[in-house]
Amino acid sequence: MQKASVIQGKRSIAIIAYLTLIFEIISIALAVYSKSMTDIAWLATIARIVIELTALALMYNGKNFARFLIGTVMSITVVFNVILFVNMVPNLVTAQIVIIILLLLLQAVTAVYPFFAKDISGYAIYTTQYESLEWIWNWSGKCFGYIDRDELWKYSGQFAGLVVKDNGAEEVYNENGEYICEVYSNGRLTVSLKKKDKRIDPYNKPTQRPSFEPRENKIKMPMYNEYEDFWM
94 MQKASVIQGK RSIAIIAYLT LIFEIISIAL AVYSKSMTDI AWLATIARIV
144 IELTALALMY NGKNFARFLI GTVMSITVVF NVILFVNMVP NLVTAQIVII
194 ILLLLLQAVT AVYPFFAKDI SGYAIYTTQY ESLEWIWNWS GKCFGYIDRD
244 ELWKYSGQFA GLVVKDNGAE EVYNENGEYI CEVYSNGRLT VSLKKKDKRI
294 DPYNKPTQRP SFEPRENKIK MPMYNEYEDF WM
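The sequence shown lines up with residues 94 to 325 when you count with this note's numbering.
Mixed in with the good hints there might be a few duds.
Claimed, not checked - Straight-line alpha carbon distances no greater than 27 Å define the calculated BS3-like cross-link-like pairs of lysine-lysine that follow:
#1 K258 to K291
#2 K103 to K247
#3 K235 to K211
#4 K211 to K258
#5 K156 to K247
#6 K288 to K235
#7 K287 to K247
As the list claims (entries may be wrong) - Cβ pair distances, simulated, as ranges:
#8 L198 to A134: 15 to 25 Å
#9 R242 to A137: 46 to 56 Å
#10 M314 to I115: 45 to 55 Å
What the hints contain is simulated information worked out from the structure, not anything from laboratory work.
Even glycine gets a Cβ: it sits at the ideal position worked out from N, Cα and C.
The task is simple: from the sequences and hints, build the whole structure.
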């Protein structure tokens, strides 16, 4: 489900990016054709483009409010373009008027689209969660998953174990109360051979969570004596 949200969200952002390009081509063409743009108006145009590019970057980084920002900026621009068009009408022939009206309608559709692109909300939630989690790797450098609320989860959404702090060590136990591994200070999972028989009271296993894309793998680290790598 979460992967689907990411795909749909990225698709919506890509659509907005393409529509923004078309939107700006129309706006600049209309401004040039009107021959009435002042230096201040051109500076405002540059500022608008910068805001739109910033909003696109923010959307890609999971900021849902950015779609409302870019939609608002475009909507204001459409209003100004309509005013510009009205002032141009006396100097236009019928064909030109029809073409410009169609282009303004296209701009209006482009301006309101971000307000209805709700897929970006799901993508934003996923991205926020993804960045806020405490990610964990095994000793070989492969991304295992993350720790959340003293629970170790695989990135696939499978529950791994409960994290219990004991004398400075963060030990992980499965639902049967059996020691399976521990979280080393460098954010890596390892198994202490001395603790393989260690146990806690059994507990109820949490339900499965949605899956995440794994983080990039890290370099493999040399294994210490009386320790071994962990995976499940």
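Evaluated hints:
no. : hint                     : verdict
1   : K258 to K291             : holds, 13 Å
2   : K103 to K247             : holds, 24 Å
3   : K235 to K211             : violated, 34 Å
4   : K211 to K258             : violated, 41 Å
5   : K156 to K247             : holds, 26 Å
6   : K288 to K235             : holds, 23 Å
7   : K287 to K247             : holds, 24 Å
8   : L198 to A134: 15 to 25 Å : holds, 23 Å
9   : R242 to A137: 46 to 56 Å : holds, 48 Å
10  : M314 to I115: 45 to 55 Å : holds, 50 Å
The structure fails hints 3 and 4 (numbered hints given earlier, in ascending order).
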